[in-house]
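Protein chains: 2
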Amino acid sequence: MITIEEALKIIKEETKIIGLERVDIISSLNRVLAEDIYSKDILPPFDKSAMDGYAIKFEDTTVCESAINAELDIVGLIRAGEYYEDELKQGQAIKIMTGAPVPKSANAVIQIEKVECKENKLIISDVVKKDTNIIKMGEEINVGDLAIPKGKVIRPTEIGFLASLGYSKVLTYKTPKIAIISTGDELLNIDEVLEKGKIRNSNEYSLMALCKNLDLEFISLGIASDKKEVLKGKITEGLESADIVITSGGVSAGDFDFVEDVLEEIGAKINFTSVAIKPGKPVTFATVKDKFFFGLPGNPLSLITTFEEFVKPAIKNISGFNKIEDDMISVLAASKFKARNNRRKYIYVNITEKEGIYYANDLGNQCSNHLMTMSKANGIIIMNEDVREINVGDKVYGKFIFK
Amino acid sequence: MITIEEALKIIKEETKIIGLERVDIISSLNRVLAEDIYSKDILPPFDKSAMDGYAIKFEDTTVCESAINAELDIVGLIRAGEYYEDELKQGQAIKIMTGAPVPKSANAVIQIEKVECKENKLIISDVVKKDTNIIKMGEEINVGDLAIPKGKVIRPTEIGFLASLGYSKVLTYKTPKIAIISTGDELLNIDEVLEKGKIRNSNEYSLMALCKNLDLEFISLGIASDKKEVLKGKITEGLESADIVITSGGVSAGDFDFVEDVLEEIGAKINFTSVAIKPGKPVTFATVKDKFFFGLPGNPLSLITTFEEFVKPAIKNISGFNKIEDDMISVLAASKFKARNNRRKYIYVNITEKEGIYYANDLGNQCSNHLMTMSKANGIIIMNEDVREINVGDKVYGKFIFK
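Same order as they appear, the protein sequences are chains A and B. Under UniProt numbering, the residue at position 351 of the first sequence is numbered 351, and the numbers go up by one with no gaps. Under UniProt numbering, the residue at position 16 of the second sequence is numbered 16, and the numbers go up by one with no gaps.
Looking at chain A on its own, in the form it has when it is part of the complex (with noise of 0.2 Å):
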């Protein structure tokens, strides 16, 4: 039985990246860029108005500093799209559109609701400072400069940007291929009626969830028996169709719990196969030469559970994240929780904020079989291993679950 700080420095040293992939823009959300992308232009590309207005020569409003109102020529109209070729001269204004490029020689843009028009002429009443509603050319980015650092996720804004600076397709890191086994004999289709002994085949779809919560591409394989010849036809399906082989169940001690000696057969390395977390501890990790395999406990919260706090972090290192852990937040016990083992206990609970500061509150039974209190949670609460209660107000670590 390792930690869990060891088990994560075993995930970060095996896994890593299995490759690029150049893809379109918006196929890349969320995923993390494997280029640094420059500019290829001047972006604004010239000056432009920020407003709906005239562009004026600033120094026409400050000639004279009292109330008179300065009166200018209006002489034309810029449509945003549109170039207007000429210079503007003193004491000429010309309409401009909010994104139109301002002329050559104007050099301030009042907005309209601050003027006043009378046929031909612009009425101003007050002074107009240079530059005054003009972006300037080159103010967001030129020629050449690093527009996104390779390593950054792509988010909504990142996409904008690259469309922006023309990208239609980007380089990103790949996200791997899940594929998905459920084991045991007592299990059932999640449609079936339940029988003596039997119950439903639940994991298999929670995984499938995890794994579209993640956006990422995965198979499911079904069911496989207690047999061993089973599981490791299976696995072996899994291994050459996918990057990732995540089983459920199997793992424990028992008889019929085949799992490693499937991964010894195969010519797996076996990184790990049993570490201190409650809900969790009997968890295989393995390498098969540029694939992974996960063998994950078949109690439906350990599961959840050993998925997020291992595979999780393994998905996001091969994908190229530079972080790989969740954020953690400081909460305040807001009931009593007790606990009897060794291992570090990962308590769910619901997490409530007030003033800034977060809660955790007791949902009960932490059994690792109960759905329903991981359904009623929204977050956990850590227990260190050498922490046996945790009163009400005591400071603890916890983090936000599914967010």
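Hint data in this document are derived by calculation from the structure and do not stem from the laboratory. A hint or two may mislead.
If several chains are the same, the list does not tell them apart, and a pair holds so long as it fits within one copy or across any two.
[To be verified] Straight-line Cα separation of at most 35 Å, DSBU-like style, residue types lysine-lysine; simulated pairs: (1) 269 - 281; (2) 338 - 104; (3) 12 - 95; (4) 150 - 95; (5) 336 - 114; (6) 9 - 196; (7) 121 - 281; (8) 12 - 376; (9) 338 - 136; (10) 291 - 269; (11) 177 - 152; (12) 196 - 130; (13) 232 - 130; (14) 174 - 152; (15) 269 - 399; (16) 174 - 399; (17) 227 - 338; (18) 323 - 399; (19) 16 - 281; (20) 129 - 323.
Assemble the complex: chain A is given as a structure, and chain B must be docked to it using the hints.
Relative to the frame of chain A, chain B by itself:
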């Protein structure tokens, strides 16, 4: 111009559920459940072993409280998925796998690691308590119990829980389909070389990414030129094929901003056209029979900000979410921030965390054109209407973006 609160109140009042949809549970991920889910079964459906070990009568280990070992006859094996019909008698033990049903009259399971076997005899040297390692029938849920209430957001946990209860499909609130339109004669396609006075149509891509991030179906109707009839045609097309139409640009006071005219011509009920937010302000929201229209500003930062602040809450309300606002956090200013207008300012910052406290770091230019600033940001802080200055160490409200 109305306040942000007024705008959100109007959005909440105007938008409503657009329908229900029964979908398979994997497709229901991140949607809102539109029915109460009751259990049709008792779970676990039998007393179940939590460990690989031996089912025994606990009394057999307490006969003698001294260190003398109990010796029991091993009478069989119960695999997961099997069912043992006979009663266990005094002095007997039966090997049992994790998840297998505990036989009638057995009342404890001792872990395999804690016993010794000699031929057909089981030697136990510890006293075992009643119900050790037994998960009781019905401990999780009973027939007719409410398992998941209507209104709950369906996460991987709920999908596992639904599967375990035998639900392969569930009733959810329909999510809206979005039609996207960019307006403006200055727009080029993103793979075109910049010409005088033109910029690339990045907003279409930002909007597609924002919709994809919310798991929504969307169609893009491309660029509408600054001609009223063209814009009217596109908006009409969008309202026929989608539930919400979003335009970018064309909502300022300029001579070629026809959005409001078009809305009036098609008989839309215009709910608001201007909100006291920066970046943002010119944002139009209208109801057209049972469909909705958002006219967002054309500046890239204003576009994304108003989508997040107004369109996203509308989408969430339509999709049945109880909570439509983002979570706010308390943040300390790590830089000085200045502003000079009467709208509420959303300042894009880099939020860092140290010992449980969040700090907001300045990223410079907040010009609503600068996607570069937003690309460096992971959050915003909010500067109220009447605030002109935030100093280092001041406590402000903020939130993370795209998280």
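Here is what the structure says about each hint:
1. 269 - 281: within (19 Å within a copy, 59 Å between copies)
2. 338 - 104: between (74 Å within a copy, 31 Å between copies)
3. 12 - 95: neither (60 Å within a copy, 39 Å between copies)
4. 150 - 95: Neither: 43 Å inside a chain and 56 Å across chains, both beyond 35 Å.
5. 336 - 114: between (63 Å within a copy, 31 Å between copies)
6. 9 - 196: neither (43 Å within a copy, 54 Å between copies)
7. 121 - 281: between (81 Å within a copy, 29 Å between copies)
8. 12 - 376: both (32 Å within a copy, 26 Å between copies)
9. 338 - 136: between (62 Å within a copy, 21 Å between copies)
10. 291 - 269: within (11 Å within a copy, 57 Å between copies)
11. 177 - 152: both (21 Å within a copy, 29 Å between copies)
12. 196 - 130: Answer is between; shortest inter-copy Cα gap is 24 Å, intra-copy 84 Å.
13. 232 - 130: For residue 232 and residue 130, neither the intra-copy (76 Å) nor the inter-copy (38 Å) Cα distance is at most 35 Å.
14. 174 - 152: Cα proximity of residue 174 and residue 152: in one copy and across copies (14 Å, 33 Å).
15. 269 - 399: For residue 269 and residue 399, the Cα distance is within 35 Å only inside one copy (32 Å; across copies 44 Å).
16. 174 - 399: both (28 Å within a copy, 30 Å between copies)
17. 227 - 338: neither (39 Å within a copy, 69 Å between copies)
18. 323 - 399: Result: close both inside a copy and across copies, 16 Å intra and 20 Å inter.
19. 16 - 281: within (24 Å within a copy, 46 Å between copies)
20. 129 - 323: Result: close neither inside a copy nor across copies, 46 Å intra and 45 Å inter.
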